[in-house]
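**Q** Assemble the whole structure, with the sequences as input and the hints as a guide.
First to last, the sequence lines map onto chains A and B. For this note's numbering, count along the first sequence from 1 and bump the result up by 8. For this note's numbering, count along the second sequence from 1 and bump the result up by 1.
Think of the hints as simulated: they come from the structure by calculation, not from any bench. Incorrect hints may appear among the rest.
[To be verified] Pairs of lysine to aspartate or glutamate residues, derived as DMTMM-like cross-links and limited to a Cα-Cα distance of at most 25 angstroms, are as follows:
| hint | chain 1 | residue 1 | chain 2 | residue 2 |
| --- | --- | --- | --- | --- |
| 1 | A | K223 | B | D313 |
| 2 | A | K189 | B | D313 |
| 3 | B | K358 | A | D128 |
| 4 | A | K215 | B | D343 |
| 5 | A | K217 | B | D343 |
[To be verified] Chain B residues, not near chain A, derived (Cβ > 10 angstroms throughout):
| hint | residue |
| --- | --- |
| 6 | L56 |
| 7 | G66 |
| 8 | G91 |
| 9 | E184 |
| 10 | E398 |
| 11 | I409 |
| 12 | R429 |
Quantities reported herein were computed from a predicted structural model and do not represent experimental measurements. For glycine and all other residues, C-beta sits at the position ideal for the given N, C-alpha and C.
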Amino acid sequence: MNLILISLIALGVTGLLAAVILYFFAQKFKVEEDPRIDLVQEVLPGANCGGCGFAGCRALAEACCKASTLDGLLCPVGGQQTMKQVGDILGMTPAATDPMVAVVRCNGTCEARPRTSQYDGTRSCKIMNSLYVGETGCAFGCLGCGDCVAACQFGAITMNPVTGLPEVDDEKCTSCGACVKACPRHIIELRKKGPKNRRVWVDCVNKDKGAPARKACLNACIGCGKCQKECPFEAITVENNLAYIDYTKCRLCRKCVAVCPTGAIHEINFPPKPAPKPETAQPAAVAQPQPAPEAQAAPKTGQPNVEPAKEETKQ
Amino acid sequence: MKTFRIGGVHPQDNKVYSAHKTITEVALPKKAIIPLVQHIGAPAKPLVQKGDKVLVGQLIAEAGGFVSANIHSPVSGTVSKIDSTKDAWGMAMPAIFIDVEGDEWLPEIDRTPAVNAICKLEAKEIIDKIKAAGIVGLGGACFPTHVKLLPPPGKKAEVLIVNGVECEPYLTCDHQLMLEHGEEIMVGIQIVMKALGINKAVIGIEKNKPDAIAQMQRLASHTLGVSVEPLNLRYPQGGEKQLIDACIRRQVPSGALPIEVGAVVDNVATLYAIYEAVQKNKPLISRVMTVTGKDVKNPGNYMVRFGTPIADVLEAAGGIPDTTGKIIGGGPMMGRAMSNVDMPANKRVSGLLLMNKEEARRNTPENCIRCGKCVQACPMGLEPYLLSKLSYLQRWEDMEKHDVMDCIDCGCCQFTCPSNRPLLDYIRTGKATVGGIIRARAQK
Chain A
9 MNLILISLIA LGVTGLLAAV ILYFFAQKFK VEEDPRIDLV QEVLPGANCG
59 GCGFAGCRAL AEACCKASTL DGLLCPVGGQ QTMKQVGDIL GMTPAATDPM
109 VAVVRCNGTC EARPRTSQYD GTRSCKIMNS LYVGETGCAF GCLGCGDCVA
159 ACQFGAITMN PVTGLPEVDD EKCTSCGACV KACPRHIIEL RKKGPKNRRV
209 WVDCVNKDKG APARKACLNA CIGCGKCQKE CPFEAITVEN NLAYIDYTKC
259 RLCRKCVAVC PTGAIHEINF PPKPAPKPET AQPAAVAQPQ PAPEAQAAPK
309 TGQPNVEPAK EETKQ
Chain B
2 MKTFRIGGVH PQDNKVYSAH KTITEVALPK KAIIPLVQHI GAPAKPLVQK
52 GDKVLVGQLI AEAGGFVSAN IHSPVSGTVS KIDSTKDAWG MAMPAIFIDV
102 EGDEWLPEID RTPAVNAICK LEAKEIIDKI KAAGIVGLGG ACFPTHVKLL
152 PPPGKKAEVL IVNGVECEPY LTCDHQLMLE HGEEIMVGIQ IVMKALGINK
202 AVIGIEKNKP DAIAQMQRLA SHTLGVSVEP LNLRYPQGGE KQLIDACIRR
252 QVPSGALPIE VGAVVDNVAT LYAIYEAVQK NKPLISRVMT VTGKDVKNPG
302 NYMVRFGTPI ADVLEAAGGI PDTTGKIIGG GPMMGRAMSN VDMPANKRVS
352 GLLLMNKEEA RRNTPENCIR CGKCVQACPM GLEPYLLSKL SYLQRWEDME
402 KHDVMDCIDC GCCQFTCPSN RPLLDYIRTG KATVGGIIRA RAQK
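**A** Spelled out as structure tokens, the structure:
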């Protein structure tokens, strides 16, 4: 009986002592943390995607609390709305930003871009890009192994088996930029989502001269510069045989779409035009808007005509 | 019999198809395409313009820096354009296009077959001549030879190691060169020894070439300071660091050059080119290439002028068989499959291997079973399974810590993997990325 009592008392005293020491040290080495960090983290999406440029949502929250203005700090996943909530907590106004979306700038479908060799190595764009030009003659376009699909945390990119190209789901895309970094050929770009998701962009990144570019892919930009001359807002530049539309200047007039001889400029989510004007009838046919723009890139003619390649690649 | 001490594998050598086939010349092409990048380092700068007439051996592009090499015209004719062309992997590269007319050589080039063994030039003159002739290492890396012959200050070469190993399966070009031009190679060795101011050279030859060993031993017995080291079969014995270990038992530290242990390594083909440049005034305009494979009609060793399209070389060997699955530039271990055959032959391509569909098939990768065979096989003492995983996970800093930059791309790990894992594919990608990171850091 005595033994039990003694052990209970000894244990109790030790516990009490430990509690006192712990309390003392907890007070002594207390880490002072801005209480707002927790609040800010609460409103952030918690995806930890790194799209903001920080290591995760907590790191962005810390950066927001430290910063004197919210300029340059943006959670691309939450967008303007989330940043406004963050601003409310911190008593700052976030800089106005346009919602962005990832855009795949390649329209080298199986039909437009014939396969010239067969790759049987590891299915990774990065590895394929380091080995050779790819299965087609185009040294700039999509390799089709789906590194971007694997990089997307939000399931917003899928491979279209018919075209062999990745497609971005506007609704799911949070513009975190993971796919942009994953693409070894820098085909994917974050562009302004546009009013009612309406966008115009050059669907090609081929910097070859006109003839070889066209030989490699029927949908290639040949750098003819017609769009540049047509653009009333100076939004289009042609550099290294490749046109680029600056989305900050583009007002979506769609004149460039009509003049592009190869149909390399794409427009999506526009209502159908009433009737094509006679002088632009031919090019306009290329640019006929359709409800699902990707369907235009994917002619449903069944299997693409792929010639059996004689020289195949090892890795 | 000696060999290197760490790792290595022993693939079936398959040299039977083209071994002992006399070196034959491939007919000149109608149009020659001369790439301006045929070496490691800066691209050469063209010296000719459209419409210029050139002779065989004329300098048409000069070295674009210290680590770079001159390029000479391998044909005579008219320059039709200077434009970009595509290499066998579809990448654009600048090149000089020449319409071939006849075969007129520069008058100072001595084309007689007589062996000229007496070299009265000083060391500096020899190196200048080698530099002017645009000679690069013909073993595969294409590093400009004159750079190797000028050791950095504070370093002293002690021994020249001659690479007659030819450890790559299938390839026989160096073997045949030793048999047919052993005397010239021996003169080349003496010239390089003189240029380096050393009196010792070791020729490493693998034991599957007994006739070459006998030939070189016979020639070496007349030459002071030169010895032949027969080596056991082991891949990658032709790698610089492995060969130094095998021949003189010295290990080059991680990240260092062979000169650190007093060694300079040159391939027999390079030494033959040096002989021709110094004694015959003939710049590097052609090389011996092995065209081989199970189904090739006339496998053999071909003397090919640079600029000849690969398709022409294949034609000389009897065309591309219908069963061909892959055409590989180089040997099966280090070589890369080509995606077209329009690329011109150049200093880089040591052989063409035509694999049939069955041989070219790649097995499906399975999961890593942690057997450690890749670690055992790695001649650089790395951990390939770990490096490939780190590369897959994009952990570049960790890759650097695990010495990925020491990897010599030999492919032993992938060869030995029982699960057919694409180890080298991932390691090579990681190595390229880490190399970029290191270079960016050095620039800061």
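**Q** Each hint: holds or not?
**A** Hints, one by one, checked against the model:
With a C-alpha separation of about 24 angstroms, the suggested pairing of K223 of chain A with D313 of chain B holds against the 25 angstroms cut-off. With a CA separation close to 42 angstroms, the supplied pair K189 of chain A and D313 of chain B exceeds the 25 angstroms bound. Proposed proximity of K358 of chain B and D128 of chain A is supported: the alpha carbons are some 12 angstroms apart, at most 25 angstroms. Taking the CA atoms of K215 of chain A and D343 of chain B, the gap is near 21 angstroms; set against the 25 angstroms cutoff, the hint holds.
Straight-line distance between C-alpha atoms of K217 of chain A and D343 of chain B comes to about 19 angstroms, which keeps the hinted pair within the 25 angstroms bound. With a minimum CB-CB distance of about 32 angstroms to chain A, L56 of chain B clears the 10 angstroms threshold, and the non-interface call stands. A cut-off of 10 angstroms between C-beta atoms confirms that G66 of chain B is not in contact with chain A; the least separation is 24 angstroms. Residue-level check failed: G91 of chain B sits 3 angstroms from the nearest beta carbon of chain A, not beyond 10 angstroms.
Consistency note on E184 of chain B: stated as away from chain A, and its beta-carbon is indeed over 10 angstroms from all of that chain's, at 38 angstroms minimum. The claim that E398 of chain B is not at the interface with chain A holds, since no C-beta of that chain comes within 10 angstroms of its own (minimum 15 angstroms). Consistency note on I409 of chain B: stated as away from chain A, and its beta-carbon is indeed over 10 angstroms from all of that chain's, at 17 angstroms minimum. Distance to chain A contradicts R429 of chain B as a non-interface residue, since its nearest Cβ pair spans about 7 angstroms, not more than 10 angstroms.
Hint violations for this structure: numbers 2, 8 and 12, all remaining hints satisfied.
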